[in-house]
Amino acid sequence: MKRVVVLMMAGLFIIFLGCGGEKSADDQAKKIANPNGLTDFEIENGIGPVKEKIQLGEINVEMAKKGEETFIGKCAPCHKLDKRLVGPAQRYTADRRTPEYILNMILNPDEMTKRHPTGKKMLAEYLAPMTNMNLTLDQAKELLEYLRLVAKEGREKNIVADPVYRNQK
Amino acid sequence: MRKTNKLIVVMFIMTIAFIVTSCKQSGSNSGALNNSAAERVFVAPGEYDEFYAFVSGGFSGQLAVHGLPSGRLFKIIPVFSVDGEKAYGFNEETKPMLETSYGFIPWGDAHHPDLSQTNGVIDGRWCFINENNTPRIARIDLTTFETVEIIEIPNSAGNHSSPYVTDNTEYVVAGTRFAVPVPQRDMSIDQYKGNFKGAMTFVKVDPENGSMSLEFQILMPGFDYDKAHPGRGKSHGWFFFTTYNVEEANSLLEVNASQRDKDFIAAINWKKAEEYMKAGKFKTMPVRYAHNVYEDATHSATSTMKKTVRVLDPSVLPGLVYFLPTPKSPHGCDVDPTGEYIVASGKLSANVTAHSFTKMLKAIEDKAFDGEAYGIPILSFEAVNAGSVVQPGLGPLHTEFDGKGYAYTTFFISSEVVKWKLGTWEVIDRKPTYYSVGHLMIPGGNSQKPFGKYLLAMNKITKDRYLPTGPEVCQSAQLYDITGEKMELLLDFPTMGEPHYAAGIPADLIKANSKKFFKLEENNHPYATKSEAATKVVRKGRDVHIYMTMIRSHFAPDNIEGVKVGDRVYFHVTNLEQDYDVPHGIAMIGANTSELLIMPGQTETLVWQPTKPGVWPFYCTDFCSALHQEMQGYVRVSPRNSNIKLSWSLDGE
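In the order they appear, the protein sequences are chains A and B.
By the count of this note's numbering, the first sequence reaches residue 169 at its end, each step adding exactly one.
By the count of this note's numbering, the second sequence reaches residue 653 at its end, each step adding exactly one.
Nothing false has been slipped in among the hints.
For lysine-lysine, the following DSBU-like pairs were computed, each having C-alpha atoms within a straight-line distance of at most 35 Å:
1) B:K516 - A:K120
2) A:K157 - B:K536
3) B:K234 - B:K449
4) A:K121 - B:K519
5) B:K564 - A:K80
6) A:K83 - A:K65
7) B:K540 - A:K80
8) A:K114 - B:K515
9) A:K157 - A:K121
10) B:K530 - A:K120
11) B:K515 - A:K120
12) B:K362 - B:K272
13) B:K530 - B:K519
14) A:K53 - B:K516
By construction, these hints were calculated from the structure, which means they are not laboratory data.
Could you put the whole structure together from the sequences, leaning on the hints where they help?
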């Protein structure tokens, strides 16, 4: 009798597999290696509307000026340049992240903090989620110029800013 | 032992059978389960309902938004009553919405929602709803799901035959139920007969922005005007009102207004009325009525008192109004999608009566009159009647249409919905309701283009349908599938207040236009604060204005000193968020008002009058983030004679 039961169980197992087994082994392997299904580009440059590397020239001071205005209006409630507040100090963000990553984080924070490993780590560190301020790509690019400008200024004047992580490595 | 073996084998086979069938069902959507009522009203988690239903809140004064077929409640839109949840009628911005010629009124009796139309088809732009007690019409913007306009109706009392919408939303009508002295004056009640009047008001709607204006009133004889329906298609240009109490009784109406064999349907030719208006045949009457408008740009309402109304007198203006004799105190007045049949339900009649628009025009042409009332011709019943549904049930009330040639009438006394065929007047089907049904609604079912898939019956009595909740229980609604020859009861769900009537519409006509947040750049509130850098506190005598912002998850400023006992402190709070579904709230200890619940990009104002020295906290009322509990602040209140200077800060800055 025991053998009959074992055989039945084995049969059931096969049926179960047949029922759910539509995905190929290849897919399974990929999923284990990269649980969120991100491409190499996305790992390095974030997930969002910016899907290709962009070419940066010299810092555009005019754009940076506009970026500063946006920063004061839309970002300053949570970010200071040198001090950790609700979110991380922004002095050296442009040195830490790729330009595309910065744009994607500004424009698509919900997905970035849910799917991107770095975004998730930042959410775990700060607990307050990066908010979507519904900026345009142009506004985000102006902010990027501003962040590049303040990073340059910081390096020149040896300004010390709070580190990104306090609770994690 | 052998028995156990057999049992195992049987169980095994059953398990396989079950797996195989469930395996199949996940692949395709066929199978016996598909026919169950449960499956037809089931909207899977994360999926959307097919229809919106705007269901009147009745004596709650509000409007509920449900989904069909699930019956799920999405939102309660405050319209005529204050709502502490949304600060409607409590914050400085919305208080003017509830102003009337009688002053601020915190409550109203909401009755009939009706949707705007283009070419006789519901277009998803606005929902109108009437207030019965203090006669008013409100307009709800279906991009924000907020009440944006309320207009008071002068010379009216019991604003019940309202607010039905013409084919191109040219007019929303507001008919009085009670006749009253016009103008109002001190007189003996028993002088009612011949002296009281019923005002039928035509509210013009701006086709671009929906803005309402009181175009004209027709002063009718002193009957009760119960329900109304605009002509559709071929009868566009006419409006039909049921009347009762043509006896003109002023006491014990349940007996004295039920004497006559027939009352009337009043047919008003509003195109003719427009001609008379153009020809200057109106009188301008002094009145007072409030017109309240809410602007998204300023997130604020204003109230204006209007002073005159233009009035037409049908007793001296030929061709403006005709009376169609209709049996026994008719209540419901409904026009079919082609505009040919005017269906009236005599509350005390055993039959449902249908008049023919074509016959009515011919009777007018042939002067087939059967006397007159106050100078208004009464058409002969035989000349206008198209037919009757004979003894379909007891206590007929309201009728809607499915666009396939069928009508559905509710029966209050016999608690049922009856399906019958237009033209042949034969009864096709009947289904019970639980219990004592009033109105019914088919999405688009009062327009030229009904979406005849579901029928919602709204019941007046609930009794044993749900778990008991003390003496007061909710009223119930029932959803029927009307796609087949026979109606099928699918679902029973609770409603708010008393859902007199509802308006349904395919979700696709609304959901893409639904606003997600207000743009800060477009915020023109005079006290808006668009960045933390702009926050400040300003004293003007005893008034202290706090220009405050909120974002996940802090207020700026959150420490304020220099407020004194006896000050009037205005919290003008702007939500700086620019993302969907991130409202913040604010509540202040001891404030004699409600919280504020502020949508992203919006500014609202709370007034607080501190009475005691101390340090008083305020906090965010809407769980906004993981650090929501940290979203709090303090106001220091000093004695009146204190020298503490006004100061404010966030994180010491």
